[in-house]
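Colleague: Here the protein sequences come in this chain order: A and B.
First residue of the first sequence? That's 20 in the working numbering, and the numbers climb one at a time after it.
First residue of the second sequence? That's 20 in the working numbering, and the numbers climb one at a time after it.
Each hint should be verified, as a subset may be incorrect.
One copy or any two copies: either way a pair holds, since identical chains are not told apart in the list.
Computed cross-link-like contacts, EDC-like style, restricted to lysine to aspartate or glutamate with a CA-CA straight-line distance of at most 16 Å [said to hold, decoys possible]:
hint	residue 1	residue 2
1	K272	D21
2	K681	E124
3	K681	E114
4	K707	E668
5	K112	E690
6	K112	D693
7	K365	E386
8	K583	D607
9	K705	E668
Hints were generated in silico from the structure; no laboratory data involved.
Note that the coordinates shown come from a computational prediction; the quantities given were computed from them, not determined experimentally.
Protein chains: 2
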Amino acid sequence: MDISNLTKLAKLIRYYILTMTTTAGSGHASSSLSAVELMTALFFTEFRADLDNPDNSNNDRLIFSKGHASPLFYSLYAAAGKLTLDNLLKYRKFESPLEGHPTLEFPYTEAPTGSLGQGLSIGLGEALALRNLTGPATRVSQTTLQNRSTSWGSRPVKLRLGGPLSRHPSDNPNVFVLLGDGEMAEGSVWEAIQAAAFRKVDNLVAILDVNRLGQSQETMFGHDLSAYKKRFEVFGWRTIVVKNGHDLKQVLKAFKKLRTLTGRGKPVVIIAKTFKGYGIKVLQNQDNWHGKPIPPDLLKQALSDLGKVDLDVKGIMQKPIGRREISNFKFQISNKIQNPNYKFQKRNYKIGESVATRQAAGDALTELMDKYPQVVVLDGDVKNSLYTENTQKAHPDRFFEMFIAEQNMTGVAVGLSRRGYIPFVTTFSAFMTRAFDQIRMAGLGKANIKFIGSHAGVSIGEDGASQMGLEDLSMFRSVFGSTVLYPADAVSAQKLVEEMIKRQGICYLRVARPVTPVIYENSEEFPIGGSKIHTLSSRSASWRSGDLSNKIASSRKSGTRNDKKIVIIAAGVTLYEALKAQAELEKDGIEAIVVDCYSVKPIDKKTLKNLVRSSFARGTLANGVPIITVEDHWSEGGLGDAVLNVFSENPEVKVYKLAVSKMPHSGKPQELLDFEEISAKAIVEKVKEVF
Amino acid sequence: MDISNLTKLAKLIRYYILTMTTTAGSGHASSSLSAVELMTALFFTEFRADLDNPDNSNNDRLIFSKGHASPLFYSLYAAAGKLTLDNLLKYRKFESPLEGHPTLEFPYTEAPTGSLGQGLSIGLGEALALRNLTGPATRVSQTTLQNRSTSWGSRPVKLRLGGPLSRHPSDNPNVFVLLGDGEMAEGSVWEAIQAAAFRKVDNLVAILDVNRLGQSQETMFGHDLSAYKKRFEVFGWRTIVVKNGHDLKQVLKAFKKLRTLTGRGKPVVIIAKTFKGYGIKVLQNQDNWHGKPIPPDLLKQALSDLGKVDLDVKGIMQKPIGRREISNFKFQISNKIQNPNYKFQKRNYKIGESVATRQAAGDALTELMDKYPQVVVLDGDVKNSLYTENTQKAHPDRFFEMFIAEQNMTGVAVGLSRRGYIPFVTTFSAFMTRAFDQIRMAGLGKANIKFIGSHAGVSIGEDGASQMGLEDLSMFRSVFGSTVLYPADAVSAQKLVEEMIKRQGICYLRVARPVTPVIYENSEEFPIGGSKIHTLSSRSASWRSGDLSNKIASSRKSGTRNDKKIVIIAAGVTLYEALKAQAELEKDGIEAIVVDCYSVKPIDKKTLKNLVRSSFARGTLANGVPIITVEDHWSEGGLGDAVLNVFSENPEVKVYKLAVSKMPHSGKPQELLDFEEISAKAIVEKVKEVF
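Modelling step: build the complete structure from the supplied sequences, incorporating the hints.
Modeller: Right, dumping it as structure tokens:
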């Protein structure tokens, strides 16, 4: 569109921003006004998308990392004819999809934003997806490369330097991310900046709206554009500086230059000097207007600052036609989700074999990537601990070394999942906490991400408390719509990796460092929401949860009939402690049923409730059979609390929780299990206290 | 010490590193070996500390941000005569204070490290403390300054540019932080880098051990020292590059240069090229040795690489004598903890007055800083939302604008608390999640930090889900040794701020956005671990929890005697919903007692247990009086779960939980409380379901 129409559109968009926020009585008018020219020019000259088909994989993508500028975001789509003024005037109302910060309720939102500093990582993920990923952008010197080829054995590894696709580099759809200057203080932004440069992601464009003012005061660098320019450049980006981000001529010139820079091996940032509240006298460049709309009595005056507004002007967006042939575009992987001819070459484990769940999970992931071409793996520099080194060797094109930057790793996963991939985010369970804000937001965005957190609990032993994931179950349970899994042996770990792939949404798999014996047959299934019951007579056998009565009957036959009965609910490493305790208790005439609660959320309510109502329970304590939960996790928010919630409204059940409660430290795993009173010994003692 | 002795010490330290890790059977030998020359030279030439008095406030401070290099860390103190070889050989044993990663068990550890990327923030906090803080390093142009002086009214604000103390700049004790190159990928490091430069913290020295190899592969920049140099410089640091970090001459030269750069307005980094595993052939510059010691059968061979080791050489450290007169050093604030002549000018609230708890907390903090000179406030650019703008005006020298960088803000607080200050970390409750890893580590370090998280829950309304803290209670409850508080009205918010100051450890105060009526008298006390009971007849009155029987008796007298009885446990905004429901239920002949559970952790077990055993409870359901919990928080890990834990072993009590369970969105606060079924209406419906 030409500059006179863009000028009209910019006015119209300012009109929208002011009226919708004043009508709503809240909202960030001033933060929206600073980026009007930047976004209007982008949307109606450079941006190419078929808005009637938001899922068109050739569409450019736009992310408002400064999500509080949502009035501008929605106004752009109104200017493009996709929303009416009436729609806008319902902004922030309960029934409206136009929420205070962009959410998936609005079909053009790529991912919810509003927690600052996350958008660039999400954009990086989308940009990687839209150029069909690129294989490992590993910076390797020739020497190292040689060493590796050797040490990696007979399977030659194609190590490619990251870079643009060799064909059609400029044909990749571009991802545009609007950044605020306030959020440049967030380290996560710098993680994304360095990762994008390292991977030479040249279809990623950041637009930095330097409006000088944060929420409560001037930013660290104010209007010093060079401070940002120098930093971006030294981090490996190309920069375009716009001295006046409200001068459409300058903005258009910047976009013209941008066209020569995308697809050229580096990400690009447009850095523009703007003013918060630009164009409205009472707001412009003033403190104390953050998140506040113009009061109704000042609206008329404020609107008069705009001059004549053409309410009928319509913005025309370019379609992504001719970008490249869709047939050349391999992205449509959804058709390939299952290859019916593929047989998962799962490893067969032997009962009693010692295998760490972290290894079983890593091995399963490596295998399953053949079956599920949309699975990609992100690693936080722990691939030699999580056994995903082999995953990288087998699938170098879908394995991303993200280095020690968990926030960006999670944000990238959000972007990848939004474009149809199923990313696995892998690191130590303790370090998942680093990305809690990103995980929280991913939950609100219903992102389809799988997390594998290793080295959970005090059972890691000697490395000490800083490396022990002791709040991960709690953290992931509190994420909206999440699934939380915790296998005890290799078979269940292997099976649960595939269950995660098949399940939509945020899934977390907690795996452990030490080896544990295989206790399930390879044929055993581990549906999410299930559990496994172990009676003393059935150690190596396995059952489905539906077989409860048979199981208890068979237990009854083989075991002695005891009056002292107890249910021990465990998962992961404590399952083995529970099984040891079970054998110990039998000697004292106490009959224990052990439940492997591998699905912590959703938890197997039905089986647990049936258990306390079963024939096993009858004839015991007047108030029903007592339960002991035992977990290698803080007492707050983990397995024990999940169980308490099952029985909260059932006053017949006493639940005794065993969990980590003292400051853990370095030592042998078994010493620590004893010290924290979550070992077989502690279980036996607790049971004896109960009776 | 001279270079020949340093050479001997370096050998000895290598000997220690190898023997202690091989004896332990685990530990990061190779990551320790790369920094031996850097740390030996630092410790025995530049570093000045009285090791017999670790609390001497003139001591330099050393933080191993790469905490996995703990073998080197402990070996330094052995070389200085503070540990024996026997001590070292107990490394990583259960009974030893020499843990896998440094912890406070070892008296020279400043703060636990091991989660990478946190040490520089902690160092920054200590460096700020050791130069007696500096007031607000606010970058303000003259115009802005004028605007502000005006808009801030009659009280003139002394805005000082951040910078070194004008007297004795080089006399400040220095803080040295050993950084690994792998952790440079963490955004939190860049947050610390930019904050230190912005505040001109020139007694902070980073030493970057560029050993090329991360845990699982080469880092992004390998041995490219210039990549780091350029980045640090553009972020405002001075740099010293050491081309061979194993050449003691070069290292000593670097420290000599350092002496000319500290105290000169900028932080300084020494960037040294090193080799992982240096000095030991089998390890040096090799992959696949991360975190693995030399196997016992290879130890002799490895030690032979060192040549002759002088086991008797002793390192001599300089004392901080003459640095500056301790009498000039204002840091000894512990003597000033309470000024007996000071009277807290607390605001008197009127019953029924509408005040947001966030405002009451901010106002209380402002007032209390006069009484508690060791309190400092860190703000994540939300001071106009948390009413701490006034705190800044009243105490500019103890108010730190940390911008939008919650991880660094928390790390700095750890450092400040380690040097005796009591830092308040303030932001939205939702954004506390950004710093979960730092908060987790702060808990393990028993840091004395107070967090105030505002805008909790769906009751924020229109801003939408991204801004709603819905997992903060869960997160803070799962932090080791934490205290979690949640006031409903202004009086309780005000009182709890002071309770937090008086309580040691991690404390979290959850405050809300909307105004709520004052319901407590100004004389009411809110001890941590307490609760308040509201019967229908006693709306505006207040009681101590000990008065339970009187309260219930008086309720009995004034109310009708009902057979249908229920206890409603609430906190914060839901307390008002519970009180509304209480009145509603009375009409239907249901007697409800409402508990204000302002102390979520520790929770008032005694009162809650007494309540269900009280005369109030008698004659109701066979199984005791039912409980309803209601909270503006996800169902997982919040108030409801805290209550479940009180009654887990008491099978007489049914607990019905009301909590946020649907995806929240923008809307009016009351609409959202209704939508999430945590409003008075939902409580009444739930109660009717129960009976």
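Colleague: Next step is simple, just say for each hint if it's right about the structure.
Modeller: Results for each hint:
Taking CA atoms no more than 16 Å apart as the test, K272 paired with D21 passes inside one copy only; the shortest distance there is 13 Å, against 62 Å between copies. In this homomeric assembly, K681 and E124 come within 16 Å of each other (Cα to Cα) only across copies, at 14 Å, whereas the closest approach inside a single copy is 44 Å. For the homomeric pair K681 and E114, the shortest alpha-carbon distance between copies (15 Å) is at most 16 Å, but the shortest distance inside one copy (48 Å) is not. Taking the closest pair of Cα atoms, K707 and E668 come within 16 Å of each other only across two copies (15 Å); inside a single copy the shortest separation is 26 Å, beyond that limit.
In this assembly of identical chains, the alpha carbons of K112 and E690 lie at most 16 Å apart only when taken from different copies (10 Å versus 56 Å within one copy). Taking the shortest alpha-carbon separations for K112 and D693, only the inter-copy value of 15 Å comes in at or below 16 Å, while the best intra-copy value is 55 Å. Only within a single protomer do K365 and E386 lie at most 16 Å apart by alpha-carbon distance; the minimum there is 7 Å, versus 65 Å between protomers. Within a single copy, K583 and D607 get their C-alpha atoms as close as 9 Å, which meets the 16 Å cut-off; across copies the closest is 44 Å, which misses it.
Proximity of K705 and E668 under a CA criterion of 16 Å is satisfied inter-copy only: 12 Å between copies versus 24 Å inside one chain copy.
Of the numbered hints stated above, none is contradicted by the structure.
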